[in-house]
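So the chains spell out like this:
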Amino acid sequence: MKARTGWLGITLAVLGAMASVGTLWMVFFWVPTERTMGVVQRIFYIHVPSAWVAFLAFGIVAVASGVYLWLGDERADMAAQAAAEGGLLFTVIVLTTGPLWGKIAWGTYWTWEPRLTLTLILGFIYVGYMMVRSAAASPEQGKRFAAVVGIVGALFIPLIHMSVYWFRGLHPDPVILNPEGPTADWEIQATLYAGLLAFTLLFLGLMTLRYGVERARHVLELREAA
Amino acid sequence: MTADPAHDPATGAAPDAAPRRADGLGVHALRRRFGPHVALRDVDARLPEGSITTIFGPNGAGKSTLLKILAGSLRPTEGSVTWRGDALDPRAAEWRARIGVLSHETHLYAPLGARENLAFHTRMHGLEKPDLDAALARVDLLDRADDRVADFSRGMRQRLALARTLLHDPDVVLLDEPFTGLDSHASRLLEGVLRTLRDGRRTVVLITHALSEGLALADHVLVLVRGRVAFEASADGIDPDGFAERYHGLVDAADVPGVAP
Amino acid sequence: MTGPGWLSVVTAVAGKDLRIEFRTRSRSLTMAGFVVLVGVLFNFSIDQALVRPQDIASGLTWITLILSGLIGVGRTFAIEKEDGALAGLLLTPAPRDAIYVGKVLANFLLVYAIVLLTIGVFGLFFRLDYGNHPGALLGILAAGTLGFVALATLFGALTASTTLGESLLPILLFPLLVPMVVYGASASGRLLAGRPVAEVAGQGRMLAAFAVLAVGAGAALFGQIVEE
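So the protein sequences, as listed, match chains P, F and U.
The first sequence begins at 1 in our numbering and counts up by one.
The second sequence begins at 1 in our numbering and counts up by one.
The third sequence begins at 1 in our numbering and counts up by one.
Hints should not be assumed to be uniformly reliable.
Claimed, not checked - Where chain U lies over chain P, by a calculated footprint (3+ residues, C-beta under 8 Å): (1) 129-136; (2) 139-151; (3) 159-166.
For the record, the hints were derived by calculation from the structure and aren't laboratory data.
In this text, a Cβ means the ideal position worked out from N, Cα and C, and glycines have one as well.
Sequences are here, hints too, so could you generate the full structure?
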């Protein structure tokens with residue numbers, strides 16, 4: 001059982017790594033430079049897939065948390081924890097690449113661009129999720145607390161999303177930009193999809209490996225307790 | 001198994017129910033872990049209905065953990081609890097309506113008066129019209145009924161907590177170290193009230209490490225050591241003087257050097 | 001055995017909390033003092049040659065609500081933890097969600113009273129004009145307060161059982177308050193600027209949705225938080 005998650009994790013991670021190398025090749029040597037935004041637009045092939053993975057991970061956290069609270073299955077909690085750690089990693093990538101791009105495109109490291117704002121808030125929820133897990137009085141309570149934070153966070157994400165979009169409506173950004181807009185060539189789209197695939201595989205691989213580690217720790221704990 | 005057929009008429013239970021009554025509360029292969037620490041290791045025990053079971057054990061033996069599982073405030077890692085032979089979910093509201101729990105924590109609101117505390121408890125149990133005066137008189141607090149708990153001594157608080165525990169006339173009474181920190185007045189009063197609970201109808205579980213008090217009240221005795229049942233017997237056959245020696249022998253035998261008792 | 005009625009538990013818990021607050025005044029006095037002092041400090045933080053206090057009073061009101069509310073709601077479970085009162089409450093057949101709603105109700109009344117004080121103090125200090133639509137303003141603030149209190153009560157119960165205690169509360173709470181601040185500050189700002197009520201109906205609906213979501217999530221999950 002453990003060995004199986006190990007192999008699955010390694011396979012996914014290796015596939016993800018290979019796809020990532022392929023994506024990087026496409027980004028640097030294959031895809032043509034976007035006409036209006038120039039070379040800096042290439043950061044989007046990292047930025048957008050990372051954001052997708054960050055939110056995908058949070059969806060997994062919420063669903064696994066719900067399963068854990070309903071059924072009390074330890075494996076669901078381990079999956080949630082593994083997804084949260086991977087998700088936080090990709091959130092950090094989004095929040096690093098976003099300002100790098102923003103500095104060149106908008107002349108400022110930070111704007112309250114709604115998607116970026118939402119990712120920042122998602123990052124804070126992830127941090128809270130990690131903190132309650134470790135700060136609880138008992139490990140079991142920590143798991144339940146984390147699950148509650150994960151579920152409540154996921155319930156509020158749509159409302160937060162709506163509010164930051166609505167807020168931007170009041171304060172328009174200097175440049176309205178849409179990376180998947182009508183100007184996107186097929187090469188641009190292909191590179192973006194390659195990035196999405198690569199990062200999703202990479203994330204799932206990391207998550208499965210992390211899950212395997214947690215699972216092994218659990219088994220060890222049981223053995224120690226026996 | 002303790003024999004208590006003498007108490008039976010109090011409940012008016014059907015005669016064929018009598019053999020099952022002896023089942024009372026049962027725990028089966030009960031196991032509870034806190035991370036790597038195991039508080040209960042595959043505990044099997046009977047807590048007979050209609051009698052007082054005293055559970056002895058050194059600190060960290062898992063006594064409170066067992067009681068919390070019976071009270072539904074803690075989930076077992078593995079194993080099950082039964083009542084009269086049927087599976088029981090101690091976390092169900094119906095079960096919580098039937099139990100009374102007294103621990104060293106008093107569960108009282110200090111800024112509220114004695115009567116207010118009981119009245120609040122009444123609402124939480126949905127009782128129709130409880131006799132709060134009688135409940136207060138039972139623990140000798142009627143003259144302080146409207147004083148705030150904040151001004152009460154430890155003994156008075158524990159007496160009020162006892163009144164709260166018994167207010168809804170629970171079938172099952174769970175007591176976790178109720179004698180801790182009590183003055184002699186409160187201690188005697190508590191003992192007296194506990195004796196009145198031996199009406200054959202109530203199942204009482206008493207946790208203590210006070211050997212003589214615990215044994216004096218017990219119908220049935222259980223000793224937990226390091227999360228395991230080390231001894232289980234009816235109190236009738238136990239000689240109080242020999243028991244202390246026996247008990248310390250059990251505790252010492254399980255003791256590993258370097259582990260605090 | 002009939003068991004306690006749901007509403008009866010709600011009112012009993014709320015009544016108990018309010019009675020304790022009325023006796024000790026521990027939270028209301030701290031919060032009231034906080035609000036007045038914040039008003040004084042805000043006054044000195046505004047360079048009136050650059051901005052008019054009226055222009056930023058709306059946002060300040062919501063931030064004051066959040067900070068004073070943290071003081072109040074953060075304390076509720078400290079009181080409950082003394083002598084294991086909450087543990088005792090959970091040993092009764094009272095439904096968990098009713099206990100939660102009762103606590104939310106008591107906290108709402110307390111925090112909303114402080115919000116009214118804030119409105120009064122800020123109105124006086126910053127010469128605000130509430131003449132146009134005071135009812136709409138109070139309604140907007142009520143919805144925001146309810147949502148805030150519902151989340152703060154849920155997470156207050158959670159942080160009270162952690163080693164970090166109340167210091168963890170803002171970290172969990174603030175990210176989720178973004179919609180409340182966005183819609184709330186906008187709505188009250190427009191009302192203070194004398195804009196018609198119809199212009200803030202959308203924000204009002206979003207605040208109501210925020211409150212409903214918060215109370216619903218809290219009622220559903222509170223049982224998981226308080227269990228040992």
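- request: Starting from the hint list further up, note which numbers the structure goes against and sort them upward.
  value: none
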